[in-house]
Structures are given as structure tokens and as C-alpha cells.
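Given only the sequences and the hints, what does the whole structure look like? Please build it.
One letter stands for each residue in the lines below.
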Amino acid sequence: MSGPAGYRLGELAERCGGEVVGDAGVVISQVAPLHRAGPREIGFVSRAAFREQLTGTRAGAVIIPPELRERCGIPRIVTADPYACFARVSALLNPPAPVVPGVHPTALIDEGASVAPGARVGAGARIGRGASIGDATLVAEGCSVGEDVRIGAGCRLHPGVVIYPGCVLGDRVVAHAGAVIGADGFGFAPSKQGWIKIPQIGRVVIGDNVEIGANTTIDRGTMDDTVIEEGVILDNQIQVGHNCRIGAFTAIAGCAGIAGSTRIGKRCLIGGAAMIGGHLEIADDVVISGASAVPGTVDKAGQYTSIYPLAPHREWLRTTAQVKQIEKLAERVRQLEQKLADIEGSEQ
Amino acid sequence: MSGPAGYRLGELAERCGGEVVGDAGVVISQVAPLHRAGPREIGFVSRAAFREQLTGTRAGAVIIPPELRERCGIPRIVTADPYACFARVSALLNPPAPVVPGVHPTALIDEGASVAPGARVGAGARIGRGASIGDATLVAEGCSVGEDVRIGAGCRLHPGVVIYPGCVLGDRVVAHAGAVIGADGFGFAPSKQGWIKIPQIGRVVIGDNVEIGANTTIDRGTMDDTVIEEGVILDNQIQVGHNCRIGAFTAIAGCAGIAGSTRIGKRCLIGGAAMIGGHLEIADDVVISGASAVPGTVDKAGQYTSIYPLAPHREWLRTTAQVKQIEKLAERVRQLEQKLADIEGSEQ
Amino acid sequence: MSGPAGYRLGELAERCGGEVVGDAGVVISQVAPLHRAGPREIGFVSRAAFREQLTGTRAGAVIIPPELRERCGIPRIVTADPYACFARVSALLNPPAPVVPGVHPTALIDEGASVAPGARVGAGARIGRGASIGDATLVAEGCSVGEDVRIGAGCRLHPGVVIYPGCVLGDRVVAHAGAVIGADGFGFAPSKQGWIKIPQIGRVVIGDNVEIGANTTIDRGTMDDTVIEEGVILDNQIQVGHNCRIGAFTAIAGCAGIAGSTRIGKRCLIGGAAMIGGHLEIADDVVISGASAVPGTVDKAGQYTSIYPLAPHREWLRTTAQVKQIEKLAERVRQLEQKLADIEGSEQ
Chain A
432 MSGPAGYRLG
442 ELAERCGGEV
452 VGDAGVVISQ
462 VAPLHRAGPR
472 EIGFVSRAAF
482 REQLTGTRAG
492 AVIIPPELRE
502 RCGIPRIVTA
512 DPYACFARVS
522 ALLNPPAPVV
532 PGVHPTALID
542 EGASVAPGAR
552 VGAGARIGRG
562 ASIGDATLVA
572 EGCSVGEDVR
582 IGAGCRLHPG
592 VVIYPGCVLG
602 DRVVAHAGAV
612 IGADGFGFAP
622 SKQGWIKIPQ
632 IGRVVIGDNV
642 EIGANTTIDR
652 GTMDDTVIEE
662 GVILDNQIQV
672 GHNCRIGAFT
682 AIAGCAGIAG
692 STRIGKRCLI
702 GGAAMIGGHL
712 EIADDVVISG
722 ASAVPGTVDK
732 AGQYTSIYPL
742 APHREWLRTT
752 AQVKQIEKLA
762 ERVRQLEQKL
772 ADIEGSEQ
Chain B
432 MSGPAGYRLG
442 ELAERCGGEV
452 VGDAGVVISQ
462 VAPLHRAGPR
472 EIGFVSRAAF
482 REQLTGTRAG
492 AVIIPPELRE
502 RCGIPRIVTA
512 DPYACFARVS
522 ALLNPPAPVV
532 PGVHPTALID
542 EGASVAPGAR
552 VGAGARIGRG
562 ASIGDATLVA
572 EGCSVGEDVR
582 IGAGCRLHPG
592 VVIYPGCVLG
602 DRVVAHAGAV
612 IGADGFGFAP
622 SKQGWIKIPQ
632 IGRVVIGDNV
642 EIGANTTIDR
652 GTMDDTVIEE
662 GVILDNQIQV
672 GHNCRIGAFT
682 AIAGCAGIAG
692 STRIGKRCLI
702 GGAAMIGGHL
712 EIADDVVISG
722 ASAVPGTVDK
732 AGQYTSIYPL
742 APHREWLRTT
752 AQVKQIEKLA
762 ERVRQLEQKL
772 ADIEGSEQ
Chain C
432 MSGPAGYRLG
442 ELAERCGGEV
452 VGDAGVVISQ
462 VAPLHRAGPR
472 EIGFVSRAAF
482 REQLTGTRAG
492 AVIIPPELRE
502 RCGIPRIVTA
512 DPYACFARVS
522 ALLNPPAPVV
532 PGVHPTALID
542 EGASVAPGAR
552 VGAGARIGRG
562 ASIGDATLVA
572 EGCSVGEDVR
582 IGAGCRLHPG
592 VVIYPGCVLG
602 DRVVAHAGAV
612 IGADGFGFAP
622 SKQGWIKIPQ
632 IGRVVIGDNV
642 EIGANTTIDR
652 GTMDDTVIEE
662 GVILDNQIQV
672 GHNCRIGAFT
682 AIAGCAGIAG
692 STRIGKRCLI
702 GGAAMIGGHL
712 EIADDVVISG
722 ASAVPGTVDK
732 AGQYTSIYPL
742 APHREWLRTT
752 AQVKQIEKLA
762 ERVRQLEQKL
772 ADIEGSEQ
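Chains as they are written, first to last, in my numbering: chain A, 432 to 779; chain B, 432 to 779; chain C, 432 to 779.
Just so you know, these hints were derived from the structure itself, not from any lab.
Accuracy of the hints is not assured; some may be wrong.
[Unchecked claim] No more than 25 Å apart at the CA atoms, straight line, and that leaves these computed lysine to aspartate or glutamate pairs for DMTMM-like:
#1 A:K628 with C:E775
#2 A:K759 with C:E762
#3 C:K770 with A:E762
#4 A:K628 with C:E660
#5 A:K755 with C:E762
#6 A:K623 with C:D512
#7 B:K628 with A:E661
#8 C:K623 with B:E758
#9 C:K759 with C:D773
#10 B:K628 with A:E445
#11 B:K623 with A:E442
#12 B:K731 with C:E758
#13 A:K697 with C:E746
#14 B:K623 with A:D512
#15 C:K755 with B:E712
#16 C:K731 with B:D715
#17 B:K770 with A:E758
#18 B:K770 with C:E762
#19 B:K770 with A:D773
#20 A:K759 with C:E775
#21 A:K623 with C:E442
#22 A:K755 with C:E442
#23 A:K759 with A:E746
#24 C:K755 with B:E768
#25 B:K759 with A:E661
#26 A:K623 with C:D773
#27 A:K755 with B:E746
#28 A:K759 with B:E758
#29 B:K623 with A:E445
#30 C:K697 with B:E712
#31 B:K628 with A:D566
#32 C:K770 with B:E746
#33 A:K628 with C:D639
#34 B:K759 with A:E775
#35 B:K628 with A:E775
#36 B:K697 with A:E758
#37 A:K759 with C:E758
[Claimed, not checked] Where chain C lies over chain B, by a calculated footprint (3+ residues, C-beta under 8 Å):
#38 438 to 452
#39 585 to 591
#40 641 to 651
Even for Gly, the Cβ is constructed at its ideal location relative to N, Cα and C.
Structure representation (C-alpha cells):
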């Protein structure tokens with residue numbers, strides 16, 4: 432007995448996983464942080480260590496880990512992974528607005544383009560010759576889809592996304608506003624007459640269930656394709672250079688840059704503003720800390736970091752002056768060791 | 432007796448502050464750098480230390496600090512803050528183009544949207560259902576304003592700005608081309624089936640007098656709002672993650688990134704390309720140097736820096752090799768200290 | 432005897448430089464990496480050290496350096512600079528789509544704007560009053576060209592490019608999707624009432640043969656112009672601040688940021704995500720490594736770097752703890768030196 436106005440807790444657990452303890456009939460219509468959740472809202476505690484978040488909450492229900500099963504007086508879903516359960520519950524309560532099929536009268540569908548009957552093309556969007564748009568896909572206002580682009584089903588291109596000719600998107604791909612997919616890679620040969628542009632004749636090929644953040648750019652390949660495998664999530668303002676391959680389920684946070692021809696493995700976590708050089712290999716399951724620079728290949732799983740320590744400016748000046756002299760410092764230590772060895776030798 | 436062609440120096444001082452020394456009747460029509468200013472132009476010297484900028488200038492007038500009052504032979508405005516005075520004078524001489532009210536015939540105003548009679552909506556712009564646009568606000572060509580967005584009076588959205596549904600802008604907010612406000616925050620829960628997207632149901636709420644640079648992105652909150660307080664100025668290509676709060680009058684330079692759920696205080700200065708981690712607190716009046724990474728909370732005002740020293744590449748290679756060995760170097764120093772202590776002990 | 436379907440190898444060498452060894456009549460229709468090139472495709476080996484790339488190739492021809500002249504059994508172009516020759520060959524085989532002259536019926540050409548008969552203006556693009564578009568220039572769909580902008584001949588503005596009023600582009604300038612040229616520089620004077628915006632009345636002036644990447648931003652000058660000299664190539668997501676000058680033929684890789692009023696010399700190579708501070712001078716022929724921060728002037732050609740070494744996270748924690756203590760370490764070494772000098776003194 433639930434409706435658009437909400438779901439009973441039992442239904443949420445059934446659909447999202449977990450065991451209900453307490454009143455399974457309480458109706459929940461939204462998620463909220465526990466400190467301000469009301470009686471029709473559900474919050475979560477991701478780990479037992481955060482149990483104090485439960486104190487004084489007025490939430491109608493809560494999602495908790497097994498350790499807190501008996502530490503909680505309100506209706507609850509007990510699950511080994513409260514965060515994933517919360518994500519599923521919130522997705523159920525907040526489905527994306529449905530895609531209303533149709534082509535806006537001001538949209539431009541070039542000859543030879545194909546738009547599935549269940550797709551929507553917004554105002555002023557342009558679908559190039561030979562392009563195809565899958566079922567239930569939204570191409571919002573002001574998007575530009577180039578010639579021969581293939582876009583799968585259930586995708587959402589937010590306003591102003593540009594897809595250059597020939598690129599391929601799988602199913603359920605989301606691209607946020609201002610994302611640019613398939614612009615020319617940065618390929619130029621030096622010559623005495625200046626830079627000679629190398630035509631970028633590869634494509635960008637994007638797998639299913641990929642999310643691409645606002646103003647993120649993914650360049651087309653020089654001769655081969657740039658590939659984003661299934662389930663990759665890219666935050667805003669990311670640059671992916673030509674010929675890169677990003678492995679399945681890798682997550683890259685905002686402002687990161689991946690230079691050309693680099694291959695990143697599967698299930699990697701690349702922190703915000705991390706900068707990864709070109710022509711490298713990053714193994715599966717590598718974690719790069721935010722703001723770290725990666726100038727060489729990383730061939731083993733694990734977390735890697737390269738951040739110079741933050742300090743009050745005057746302290747930084749002093750520390751940095753010493754760092755610049757570290758080679759001399761090491762030499763002085765070597766001389767000390769030598770002298771001490773001499774002294775020890777002469778004493779024997 | 433001034434007109435569109437200029438202002439007398441006396442009028443400029445009256446409106447912008449400062450005391451006139453010399454001919455208050457000279458007519459000034461534009462600002463210019465002193466080295467190339469002509470007789471109808473005004474320049475400035477920000478500090479007494481830069482007094483040589485006055486040498487040989489042909490400017491009609493100049494704005495100077497009190498220390499230079501008698502070091503200058505041309506008509507002048509003397510003020511304790513020449514730079515602010517110059518800013519006011521230039522703003523007076525270069526007012527923004529007036530907003531000509533009207534909705535372009537190719538603009539799309541959805542049902543239930545409200546556009547103030549004094550506002551302008553440019554060609555091909557779209558105003559979503561339930562959105563409201565305040566008086567004397569410009570929404571330039573190609574902008575997309577989502578459902579239920581509220582935009583105050585006197586704002587300027589340059590071409591191609593995208594505001595996602597539900598976001599709120601105060602009065603006199605400027606957003607430059609390509610800015611994206613309210614895209615989904617980067618919230619995903621890991622699971623065995625891949626990343627589960629967490630709906631981002633918060634908004635972006637922007638105070639009065641905020642300036643947002645070209646291609647800057649500000650993500651909507653997960654459950655609560657992302658908040659930009661009044662008077663904040665953001666340069667180009669900045670990323671502000673979900674749930675952040677940026678305190679009033681804070682300035683952030685280009686390419687900086689603020690990861691999610693971080694709170695930055697009031698009147699902070701964040702340098703270009705600074706990268707601030709997530710879930711941090713930055714106190715009021717903190718200055719972060721350009722290109723610095725901030726991985727932890729900064730709870731005290733002052734300037735902070737984290738830049739590895741730039742060096743010729745070969746020198747960098749040698750220095751860096753030593754830095755990587757610094758733990759061993761410290762151990763060698765410890766051993767030397769021990770040996771010396773032994774020697775000193777045996778000598779006693 | 433070549434046609435749209437390809438060129439004979441002899442013709443390629445005639446047009447692109449180099450000497451043919453072997454059958455000059457083989458017809459080549461595309462470039463490809465040697466490992467997958469077929470009989471109508473041509474690959475290249477940039478340096479003799481990479482000669483193993485020739486092993487087993489089925490390419491119809493190859494471009495090689497003189498050292499490999501006799502190490503290769505297939506038809507070949509021998510040239511001192513295989514990479515530049517390859518670029519020319521690929522450009523010949525992959526010419527950009529021709530610009531079909533015409534103004535799309537949904538484009539908006541303001542009164543007083545001038546569009547050359549050979550230019551193309553795409554759907555929904557807007558050309559402001561007084562602007563001029565040169566011959567054979569493409570302004571793609573959704574672009575915004577401001578008042579009084581001057582764009583030369585043979586340029587390509589990809590979808591959604593925004594050029595603010597008054598800016599100037601030379602001939603054969605390429606701007607990729609989402610690039611923003613001429614937004615206000617980040618100029619504000621602090622005051623007790625908050626930031627006072629300084630009108631940015633300079634322009635952006637771009638020379639011939641400049642390429643500008645997707646979502647790159649170049650700000651207009653405060654009083655003087657921001658200048659990009661001829662032949663400069665800018666990758667994606669770059670920020671160029673107001674009043675900068677970038678010297679001819681300089682290349683800047685993705686995500687780099689150049690703060691305001693900095694002058695970069697000619698033929699520099701600025702690596703990806705490099706961050707260059709404001710009011711600096713970078714000499715001609717300087718190379719800045721990717722991810723390096725440049726806080727001061729660089730007055731001598733050469734390569735410069737500032738990257739903190741990447742390490743496994745736990746190792747990084749230990750190294751960094753020592754770096755923070757380096758001043759104390761240096762002091763301990765000084766004390767050791769003193770003690771040893773004392774011991775040596777007492778022994779004499």
C-alpha cells in the first residue's frame with residue numbers, strides 16, 4: 432500500500448535489500464540527513480563508529496549496519512552495506528523525471544538521422560546526418576550530436592552537450608551540461624613552419640552506464656579510439672586525452688586530467704585534480720590520492736600519493752629552502768660519516 | 432559639466448572618493464595604463480613604491496596615494512586606496528551595456544515561467560516551467576534555465592549558461608559563458624554491481640553580488656544545498672563540489688577545485704589551481720597560495736602554501752632522488768648522533 | 432593516377448617530402464598504426480630505436496628515418512623527420528570536411544554584421560552587430576559571436592563556442608566546442624563594501640593558425656589586450672588569464688592555467704596541468720613539465736619541473752613527515768658538524 436507519496440519500510444527493504452526491524456509499515460517518502468529528518472523521512476548511518484548520528488533523530492526510519500541493530504529504537508533496515516542501501520532507497524524515492532517522447536519543433540534532425548520513437552530531442556538541439564538516438568534517450572535543448580554518432584537507449588544528454596561526429600555511446604549514459612565528447616586530440620608534429628596538425632580520425636567509444644560530469648572533455652583518438660569502458664563515472668571538468676582507455680567501473684573525481692595514450696585499469700579511484708601523464712599504464716584497483724601527479728606507470732594495486740605538505744607560508748619558505756639544498760645536506764651527512772669512520776679507524 | 436563623453440576630475444573624486452589636487456576641471460573619458468594614457472585618460476599608482484610609473488606620463492590625471500601627493504605635477508586624486516578608487520572610476524566610465532527589455536521571438540518560455548517586464552531573454556534561450564527571472568536581468572542567447580529556478584534582479588547570464596532545475600540566484604549575480612550551476616554532485620555508492628548513483632536532491636543557492644567565471648561548475652547538493660554566500664567571486668574553470676558552502680566575499684582564482692562537503696570561510700583568498708579536499712573546514716580569512724593542495728582542515732587565519740620548488744629538470748631529478756631517500760637520511764643522522772654520543776661518552 | 436580513393440606513394444612523397452625507396456606506385460588511402468595497417472595504409476617509425484615496430488607489418492608503405500632505409504622490405508618514404516612527414520600525409524588523406532557556404536535559416540545575423548559569401552553559419556548561431564566573418568569560415572550551430580568581433584578566413588568554430596564582443600581572430604583559427612574567448616578577466620579591488628569589479632575593457636587578439644581546445648577559456652584584458660600570437664596551440668580545459676601574452680608557436684597541454692598578466696615566450700612547451708603564476712615572464716624556448724607549478728619568472732631556456740615524487744601512500748606519509756622536519760634535520764647536521772670539528776680540534 433504505497434503510492435507516489437511514498438513506500439512502506441517493508442517495501443523499501445524488499446526492493447533495496449536488508450532486514451526490517453521494528454514497524455515495517457511506516458511510510459517513507461524521502462531521504463534526509465538524520466539531524467533534520469522528519470517522521471516520513473529515512474536517514475542512514477554508514478558505520479557503527481558514527482552511531483552518535485542516531486542521537487535525538489526524529490526520522491521515521493533509518494538504515495544501519497548490523498552492529499547497531501539493537502542500539503536504535505526506531506524502525507530500521509539492517510544491512511551490511513548501509514550506504515549502498517541508502518543509494519538504492521533514494522533512487523527509488525527520487526526517480527529521474529520521465530523522458531516524454533517527442534522532437535521539439537525547433538530541433539534539427541538532419542536527413543538520414545534516426546530518432547527512436549521513445550526518445551526526446553529538446554529545443555534547438557541538432558542531430559547530424561546518419562546519427563541514431565536510442566529509445567527513451569533524452570537529448571536536451573542546445574545539444575549538438577554530430578554526423579554518424581550512435582547513442583544507445585536510456586541516455587540523458589543535459590543541455591549544451593556536444594558529441595563530435597562518429598562517436599559511440601552505449602546505453603544509459605549520462606552526460607552533464609557542457610560536456611564535450613570527441614573533440615580533436617592534441618596531436619601536432621613540430622616543423623620549421625610551425626605545428627602540423629595531425630588529423631584525429633579515431634573516435635570516442637563509451638560503454639554502458641557511464642556518467643560524464645559537467646564541462647568534462649574526452650578527446651577522440653588519433654588513429655585508434657579513445658575508450659571509456661562500462662560503468663565508469665567521471666566528475667566535472669575532467670580532461671581525457673586522445674587514445675586513452677579507462678577501465679570498467681573506474682571513478683575519476685573533478686578536475687583530474689589524463690594525458691594522451693594512457694591506459695587506466697578497472698575499478699581505479701582517481702582523486703580530484705590528480706594529473707596523470709601520457710603513455711602510462713595504471714593497473715587495476717589503483718587509488719590515486721587527490722591532487723597527486725602521476726608521471727610514470729603504476730603497475731601494482733594500492734594507494735599512491737604525491738602532495739607536498741601544506742604549511743603556513745613562512746614555514747613553507749623555510750622548509751622549501753632546505754628541500755632545495757637537500758643534495759648538499761646529503762653530501763654533508765656523507766662527509767660526517769666519512770670523518771666518523773676515520774676517527775673510529777684511528778682509535779682502533 | 433560632464434556628459435557621456437566623460438567626467439570632470441572633480442566629479443570623479445566626488446563619486447569615487449579622494450581629494451583633487453590640481454585642476455579639478457580636466458575632463459576624463461577613459462582609464463589607461465600611465466605609460467600610454469593620453470590627456471583625456473586617467474591612470475593610477477597603487478603604492479608609493481611604484482612612483483616611477485609617473486615618469487613621463489602624458490595622462491590627463493592620475494590616482495595616487497598620499498605619499499605621492501607632492502611628487503606629481505599633473506591633476507590628481509589623492510586617496511588612501513588608489514586601486515579601489517581606480518576600480519570605481521573605471522566602473523563609472525565603463526558601465527555595462529544596458530539590458531534592453533524583451534523576450535527574443537526564438538526564446539522558449541515554458542508555461543508557468545515568469546519573466547519580469549524589465550528582463551531580457553535572448554535568442555534560443557529556454558526558461559523552464561515555474562522558473563522566475565527578475566527585473567533588469569539578462570539571460571543571453573543559448574542559456575538554459577531549468578524548472579523552478581529563481582533568478583533575482585539585475586543578473587547577467589552570458590551565452591550558454593546552464594542552470595539546472597530548482598537552483599536559486601540572488602540579485603546582481605553574473606555568470607559567464609559556459610558556467611554550469613546545479614549539475615548532479617558526484618555521489619555514487621560502490622556495490623558489487625558497480626556504482627549506484629545517489630540522486631542529488633539538494634539545490635545550489637547563490638547569494639547577491641556573486642560573480643561566476645566562464646566554464647565554472649557548481650554542483651547541487653546531495654540532500655542539503657550547496658551554498659555560495661553573497662559577494663563571492665569565482666574565476667573561470669572552477670569546480671565546486673556538492674554540499675560545499677563558500678563564505679561571503681571569498682575570492683577563488685581560476686582552475687581551483689573544491690571537493691564535496693567542504694566549508695570555506697568568509698573573506699578567504701584561494702589561489703589559482705588550488706585544490707581543496709572534501710569534508711574540510713577552512714576558517715575565515717585564510718589565504719591559500721596558488722597551486723597548493725589542501726588535504727586537511729585549516730582552522731586558523733593566515734597564508735598557507737604547498738608547492739614543490741620549481742627547478743631545472745636535471746636538478747629536480749637529483750633533488751627528488753634525495754627527497755625520496757629522506758627517511759634513510761634522517762636515520763643516518765640518527766646513527767651519527769648515536770656514534771658521536773658514544774665517542775663523547777667514551778672520552779669522558 | 433590517384434583520386435579521392437588515395438594517392439600513389441610517389442605523389443605523397445612529392446607533396447609531403449622525403450624520398451621513395453621501393454614501389455612508388457603503390458596506392459595509399461589511409462594512415463594506420465603499423466601493427467594493424469593493411470596493404471592500402473601507411474604507417475611510420477619516428478626513430479630508428481623503434482625499428483621493431485616494422486616487424487611483421489602488413490602496411491602498404493611506411494615512413495622511416497634514414498637509418499632504417501635498408502632495414503625495411505616494403506615501399507617506404509625515407510625522411511629526416513618521419514613524424515612531420517606522417518602529419519602531412521595524414522592531413523592530405525584526411526582533409527577537413529569542406530565548409531559549405533550559407534547561413535542556416537535559424538541563425539541570427541544582427542544588423543550591421545558581415546558574413547563573407549563563402550562562410551557558413553550554423554543553426555541557431557548568432558552573429559552580433561558589427562561583427563565580421565571571413566571567407567570559408569565555419570561558425571557551427573549554437574555559437575555566439577559578440578558585437579564587433581572580427582574573425583578571419585578559413586576559421587572553424589565548433590558548436591557552442593562563445594566569442595565576447597570586440598575580440599579578434601586571425602585566419603585559420605580553430606576553436607573547439609565550449610571554448611570561451613573574451614570573458615571578463617578576474618579583476619576586482621577589495622573594499623570594505625566587498626569586491627569592486629574592474630571593467631575589463633581590453634580585448635582578446637588571436638593570431639593566425641591558432642588552435643584552441645574544447646572548454647578552454649581566454650579572458651579579455653583589463654585595459655590592454657590579451658594576446659595569443661600566431662601558431663600557438665592550446666589543448667582542452669586551459670585557462671589564460673587577462674593581459675597575458677602567449678608567444679608564437681608555443682604549445683600548452685590540457686588543464687594548464689596561466690594567471691593574469693603573464694608573458695610566455697615563443698616556442699615554449701607547457702605541460703598538462705602546469706600552473707603558471709601571474710605577472711611572470713617565461714623566456715622563449717622554455718619547457719615546463721606537466722603538473723609543475725611555476726611561481727616565479729623563468730628567464731632562461733630549458734626544461735623546468737616541480738613535481739613531488741609519487742609514492743605508495745604509507746611511504747608518502749613517512750617521507751612527508753621527514754620533509755616537514757627537514758629544517759630540524761639540517762640543524763642536527765649542523766650540530767654534528769660542530770661537534771666533530773670540536774673533537775678534531777681537541778685531537779690536534
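Would the pair K731 (chain C) and D715 (chain B) pass a check requiring their Cα atoms to be no farther apart than 25 Å? violated (40 Å)
Regarding the pair K759 (chain C) and D773 (chain C), is the alpha-carbon distance no greater than 25 Å? holds (21 Å)
Holds or violated: K759 (chain A) to E775 (chain C), with C-alpha atoms at most 25 Å apart: holds (22 Å)
Run the distance test for K755 (chain C) versus E712 (chain B): straight-line Cα separation, threshold 25 Å. Since the Cα atoms of K755 (chain C) and E712 (chain B) sit roughly 22 Å apart, the hinted pair holds (cutoff 25 Å).
Verify the proposed pairing of K628 (chain B) with E775 (chain A), using a straight-line Cα cut of 25 Å. violated (67 Å)
So if I understand the rule, the pair passes when the alpha-carbon distance is 25 Å or less; does K628 (chain A) with E660 (chain C) pass? Given that 25 Å is the threshold and the Cα spacing comes to 17 Å, the pair holds.
Straight-line alpha-carbon gap K628 (chain A) to D639 (chain C), limit 25 Å: holds (14 Å)
Would you check the hint for K770 (chain C) and E746 (chain B), treating anything up to 25 Å between C-alpha atoms as holding? violated (31 Å)
Against the 25 Å threshold, does the CA-CA distance of K770 (chain B) and D773 (chain A) hold or violate the hint? Holds, at roughly 13 Å.
Would the pair K628 (chain B) and E445 (chain A) pass a check requiring their Cα atoms to be no farther apart than 25 Å? holds (19 Å)
Below or equal to 25 Å on CA atoms is what counts here, so check K628 (chain B) against D566 (chain A). Distance of about 21 Å is within 25 Å: holds.
K770 (chain B) paired with E762 (chain C) [C-alpha distance capped at 25 Å]: Since the Cα atoms of K770 (chain B) and E762 (chain C) sit roughly 17 Å apart, the hinted pair holds (cutoff 25 Å).
The structure fails hints 1, 8, 16, 22, 25, 26, 30, 32, 35, 36, 38 (numbered hints given earlier, in ascending order).
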